[in-house]
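Colleague: If you follow the hints, you should be able to join the two separate chains into one complex; please do so.
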Amino acid sequence: MKRIALLLAIVLVVAACADDSDPATVRLLTHDFFAVTDELLAQFANETGIEVEIIRGGDAGIVINQAILAGGNPVADVLFGVDTTLLSRTIAAGLFEPYRSNVGRGFVEEYGTAGGSVTPIDFGDVCLNYDTISLPNPPTSLEELTDERFRGMLVVPDPTISSPGLAFLLATIDRFGETGPYTWRDYWTNLRANDVEIVADWGTAYYSSFSATGTGSRPIVVSYASSPPAEVLFSDPPIERATTAVIEDGCFRQVEYAGVLRGSRNQDAARQLIDFMLAVPFQESVPSSMFVFPVNPAAMLPEVFIANSVVPSDPASIDPATIEQNRERWLTEWIDTVLR
Amino acid sequence: MTPRRSPALLALPAVTLGIVFFAWPMASIIATGIGADPGRIAGVLIKGSTLSTVWFTLWQAAASTVLTLLVGLPAAYAFSRFRFPGRALARVLVTIPFVLPTVVVAIAFLALIGPGGVLGVDLAGTVWAILAAHVFFNLAVVIRTVGGLWSHLDPRLEEAAASLGAKPWTVFRTITLPLLRPSITAAGAIVFLFSFTSFGIALLLGAPHLTTIEVEIYRSAALVFDLPAAAVLALVQVIGVTAGLIIYARHQERSGIGQHLLPAAATAQRPVGRQRWLVTAAVGTPLAISVVPIAVIIWRVLTAGGGIGLGSVRALGAVDPSVVDVTSAIGNSLQFAVIACTLTLLVALPAAVVIASRRSGMGRWLDTLLMLPIGSSAVTLGFGFVVALDAPVDLRAWWGLVPIAHTLVAMPFVIRGTVPVIRSIGPSLRQAASVLGAAPGRVWRTIDLPMLTPAAAGAAALAFVISLGEFGATLFVARPGGKTMTVAIFSLFRRPGPTNLSAAFALSLLLVVVTGVVVALLERMRAPGLGSF
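Those sequence lines, one after another, are chains A and B. Here the first sequence stands for residues 889 to 1228, where the numbers follow my numbering. Here the second sequence stands for residues 137 to 669, where the numbers follow my numbering.
If we strip away everything but chain B, and leave its shape as in the complex, we get (with noise of 0.2 angstroms):
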């Protein structure tokens, strides 16, 4: 029997915000910039430095995306087929990366391999800073999304084909990888995504000859102002972020392969023998790649004025609150996260309802292109805001549109953590529930809604922490009222004198402190049943 197709209706509020805060400004200024001067376009195309900059841009996120998944997917095995001390807290650990402000990566990064770098090697200013950045912000893309999977996965199937005689690695090719492709899919194209429009990272660890879309569309946005040139790049990058997501939307469709999941618990044992060295090497590397910058914000923190102390604590609280006001900055991102929060949930749980209910079609497409503002230029959708949004009601510097930027970022998230578990759900219990008289308001009350909160508790979390740990959208946002946390970093680290910059390096362990907590609850109430990320 087919599934009950839920009422498209409930995806009204995410398309609505997806269009009024996404697609009408974006479309907006790619209008007003192509407008102001059409010749431009085929111009901006062929220029030399385009080309090289849309070429780098895509063997970056390329290159990102395979050492992303290298790293991640032997971690995701372990984490997911093993049991071992301290697993919880190593999961911890390696998600904290993901939220962290990337002015603040770049300046741990600088520290590890930049000029006079602890590492003892200059990579600053070559591809390969860029690529270790980026590896050390997804990870926990790979880890939890792949990992997700992995842990639910009925190895039972894998015992089968060894008993027959296949070797290790024909039984990952053969029956692993398929089962688990269209989370590789997922977590890769996240990965490319994020890598492909990246900003900070390439910026701040970059060259002034190795930079992305993102990077020329903020140099022509910025200083020199060719709004037509920042457009038609804009528009590049929009058409690529579609016609990526469309191929890896079709691909999804492809690989879906219904099988049979377990609870975690079931599939995980103790690592014996040589899988000990296994388990040790898959987890330590990524544990190494995450903490060891974390490691430095920490020793900056410690050693601020020379000796080990609590100094950068007392700079904290020593920053003149007319320039930054770090309570003020405090309290600001926990009320937007707390909002994000929120709005989250209550425009992206209805989608995922009906996501769930429609494996092709529609529900593939709304879980596509709800996943486009994450691959947008943040510094365009900025702009797009202050062109399209004036009439009916002036929302230009609403301070509603932070939270708002937070949300769509949020959304893909969150629907990918929760579709599973929707999906998870028999369609037997429902029917039963149908039969004995409840109407299908309360069935869905009685039924879906216990089973789901454990996943959405999740998600809200996580929604929680993108909203804390977001900058580029909030920098591009006119804000009234005080700054962000990571705002207030930004601020703080452009400002010389030494507590400045002991402050900036205090706030942000504070934020992988709230962070790692959030992070953690994440973790004690992860959804019984499935929960990629």
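Next up, chain A with everything else stripped away, as it sits in the complex (with noise of 0.2 angstroms):
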């Protein structure tokens, strides 16, 4: 019995630690992809006196649903990594206090704030990419994806286990729409008949059947317009281009949101660490580390972006209240015309 009530003791100790709420500390949930440098968040503890605890819990997806199960009683003080996708359901459950930084004044509002609930901090564009070696003559808009030309070419990741397929899906939703002659439907209906690959996930799609970066024979692949510039700063021996380019139509703008959550009990530090990731040395640093494009527009990009990357200009972009209220059913959809 003894041993039980020093384990208890031990662990109640620890958890009484760990559960602490000192107004020094601020702690971010965010996904698993979430990078920062240890020199930013020193400048942040040097200008504020507020340390960062980084909590990471897997994808995005999963990461917002254990937030919003956590209801008014959060882990963390802020959420940052909801994306267009999944912004509808944080507001539904309420998930955030309306916090309106002054830092993003101007600039924020082009991104959406789901009234003053969110704010913006990166976005980046889920596009086409193609082997610029083994094909030459790329395709130049989703339409001609379905010719006999580009059979047997695409690889998608799937919709409905993947956030970069769902948003290739959203594009596709965006251009052909859900009525008239020509649907999304029979648009996927025409892919399929010209051979579409589906795999799980995006890193399948690009390591796995992706011709210029893995080991298949598939030339175009749904993934970023980030993509290129990865493949030329991540190389090794040095290259002065990538094999790879973005086809800039068939484009989905994803924002990635930061939120101080409903509960927390240091909103005030919260607070502190939204103006820090909206200030220009954060955003200079996002394109680098997380692949993403900055919102503030006084943040400059590092060169290797601009000579290898495209932001395309009219991308497709869907209502996140509309997204959150046919998701379910265009999956549904999705499945019946593509995998049956």
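Derived from the structure by calculation, the hints contain no laboratory data. Hints are not guaranteed to be accurate.
In silico contact screen, one side only, chain A against chain B (beta carbon under 8 angstroms); selected entries [said to hold, decoys possible]: (1) 964; (2) 1086; (3) 1090; (4) 1091.
We put the beta carbon where it would ideally sit given N, CA and C, even for glycine.
Modeller: Pasting the structure below:
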């Protein structure tokens, strides 16, 4: 009995230590792809006297759903990583305390703030990439992908599981619509007839099926507008230009938001962290650490992004509320159209 | 005389851990999910896709188990009955796959039998790729569990049958198989549980229409957030696994045969004549299955960036620590592994003592129920932590959740490994000590503990590598601080850029090497008595 009492005591003491609401610490809940340098965190601590504790928990969808389950008793003060496709769900769940940062005045509205509930931090475009060596004449539009010329060339991550896959599906829904003589379902019927390959996730599509970066033979893949600069930035030996490029048609813009969690015991520190994430030093770090683009127009892009990437001029976007209302139905219809 | 029954209280830490960090969170999340919309239960259950998912999950798990046994049993025989050069190394090599992260295995398999694969056939998206990967992962379970018992079976029983005129097949069927049955069902049950709840392999190697229940739970929980559907599926999984475990426990109770066991060294011999071919084939097959995908990883590490070289190792050093901090990932993994390993020993060994002293009834049930976590949904458990562990103290983002989750996974293996050894300690020794005036505690310290130490050390090493390679549960728990190695590999693999992929492979190779070293040490201190895993 003594041993159990001891064990319980240890658990309680350790837990009590972990459960601090120290005003000098702010807890940031985020997904596993969030990245920040130690220098930036140190800078934040110097300026404000606040330490940041980062809590990670898998994919964005999992983290957000866990945050919703936690209700008004959140595990952290700030949540970062809510994207366009998940935004409405968090708003409907009342996950955030409204906060409008002065730092973002003038540029955050362009990306949406859900009535001041969340703050946009970065954006990225999900775009088709192609292999510039094996496919010198790529398709220039979504429509062309159903041509016989591009038969068996496209690989797409499963939209029911993969976030970029869902973004690509949304781009096609935005383009072809739900009604009329040729809907998005007709488009996918044609893609299927043209031998589109569906794989589970982005990594499998990009590193296995895609001919430029994988072992496979498919020269067109759903990836990001920032993928080609990553190919240059992370090559050994160094290369001048990427052997992959972006097809500018059919891109879908994903904005990533942060918000102060409702029930946070440290709201003031949480607001300061959001201000910091909007300021130029953090904004300039997001391209090379997370492959996304800053929302702050004062932030400069790294050279390699300017040379190898494009920011599509007119990406598709669908209102988050519309996505939330229709997501499940769209995915079910997609499964019926493409997999059955 | 009946063996002394150890106080049931010794099992309390293990049971407490299982209730607080498994049963309670699991029950809470399932109740929350179903409570949100009870009308959905029937709807989810009778949906055509649910039925086909359950059916697929069952039959692929059964097929994986049968295939693993088919390849593993001859190997278990060869490993336990023959001495041949390189036996220890071969045992280490076939064990490594068991602890590799699924992401890495999936990529290695795709490089072999995927599009443009080395073997020239594209099996990606077919059930064959899933089955092959399950066999690859689980061979060690069969070889070590069954081989552990086989190497101690008295060969004279078989020799007696043969001298009375029984053909080899008859000897195997009527003598060896019945004696081995407890270990075969134990190994089969574990392989079945792992394959039944397969997530990473089914997700990455399967096709969208070939999904296991666990993949469907992830699908419902991640992008769609249909919590009621996820909860119903998790409940189906728990009921299925519990039913399976009950059948298994009943079977174990009936099939246990008391027997005289010999030291492994006394039963192994050098293969002669035709036996050489037999041993080569029996060991060569699992060895090839284990080594070829590992060779693919090594090959990828060496050929990163074009020519042969150490580009990957450079890549690993060059990974921006703000993106993935490789050094801290290695540190975190080792730290969690030490904690999980210590905790596992502290809670599992007393439980093993209780189980060992009660061959039926409570001991068997305890043994069975502690296996439940390895057959349960990691995604669901992660959600369960969030809803259940907020009061009286908030443990939801406590760093200790990860090593505790690892402990829950490692416990059944440690119990399996130590119970037979504890049982093999003759009661006469203990009685002698008692007669000489030693108190029960002292008897345990001076008799049981020294005899148990080798098995406990082996069990500790196993808990250590299980923690090192654990991925599913780790990923779905809200973790403060840095990443573990397996999560870091997963993160690197999710980033574009050739050096990120190279670094992912280099880190995987490091994991292979660390695992290999620990398993080799485990081999060295293998129990002189039994030690099934």
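Colleague: List in ascending order the numbers of the hints, as given earlier, that are violated by the structure.
Modeller: none
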